[in-house]
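Please model the entire structure based on the sequences and the hints provided.
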Amino acid sequence: MTTPDNWRKSSYSGGGDGNNCVEIATRAHAVAVRDSKTPARATLTFPPEAFAPFLDTLKAPVAKP
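All residue numbers for the sequence shown refer to this note's numbering, where the first residue is 1237 and numbers rise by one.
To be clear, the hints were calculated from the coordinates, so they are not data collected in a lab. Yeah, the Cβ is synthetic: ideal placement off N, Cα and C, and Gly gets one too. Some hints here could point you the wrong way.
Computed cross-link-like contacts, DSSO-like style, restricted to lysine-lysine with a CA-CA straight-line distance of at most 27 Å [said to hold, decoys possible]:
id, residue 1, residue 2
1, Lys1295, Lys1273
2, Lys1273, Lys1300
3, Lys1295, Lys1245
Simulated DEER-style distance windows between Cβ atoms [to be verified]:
id, residue 1, residue 2, range
4, Pro1283, Cys1257, 22 to 32 Å
5, Ser1272, Ala1296, 22 to 32 Å
6, Asn1242, Pro1297, 26 to 36 Å
7, Asp1241, Ala1296, 28 to 38 Å
8, Ser1247, Pro1301, 23 to 33 Å
9, His1265, Ala1299, 16 to 26 Å
Rendered as structure tokens:
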């Protein structure tokens, strides 16, 4: 996947400069995720059909032992 140029910041970025968040970029055949603090580093890339389950897993409550 080529590096997308349509990065969008999370709506949970918070106040200030908003650099403590993740960004996503969508393409026809992939969704990329990166850390806004280090945008030149590696990205996670998902097929579109895998991105929603990934988000659902992140949102799931963590079971306490």
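Checklist entry - Asp1241 and Ala1296, beta-carbon distance inside 28 to 38 Å? => result Given about 32 Å between the Cβ atoms, the range holds.
Next on the checklist: Verify the CB-CB distance for Pro1283 and Cys1257 against the hinted window 22 to 32 Å.
Outcome noted: Hint holds: Cβ distance 23 Å, inside 22 to 32 Å.
Item to check | 27 Å limit on alpha-carbon distance, applied to hinted pair Lys1295 and Lys1245 | outcome: Distance of about 17 Å is within 27 Å: holds.
Checklist entry - Taken at face value, is the distance from the CA of Lys1273 to the CA of Lys1295 at most 27 Å? => result 22 Å, holds
Checklist entry - Range hint 22 to 32 Å: satisfied by the CB atoms of Ser1272 and Ala1296? => result Because 23 Å falls inside the window, the suggested range holds.
Checklist entry - Would the pair Lys1273 and Lys1300 pass a check requiring their Cα atoms to be no farther apart than 27 Å? => result 30 Å, violated
Checklist entry - Is 16 to 26 Å a correct range for the gap between the Cβ atoms of His1265 and Ala1299? => result 34 Å, violated
Item to check | Whether the CB-CB distance between Ser1247 and Pro1301 falls inside 23 to 33 Å | outcome: The hint (23 to 33 Å, Cβ to Cβ) holds, given that Ser1247 and Pro1301 are roughly 32 Å apart.
Next on the checklist: Range first: 26 to 36 Å. Now tell me if the beta carbons of Asn1242 and Pro1297 are that far apart.
Outcome noted: Since Asn1242 and Pro1297 have Cβ atoms about 32 Å apart, the given range 26 to 36 Å holds.
Violated hints for the displayed structure, listed by number in ascending order: 2, 9.
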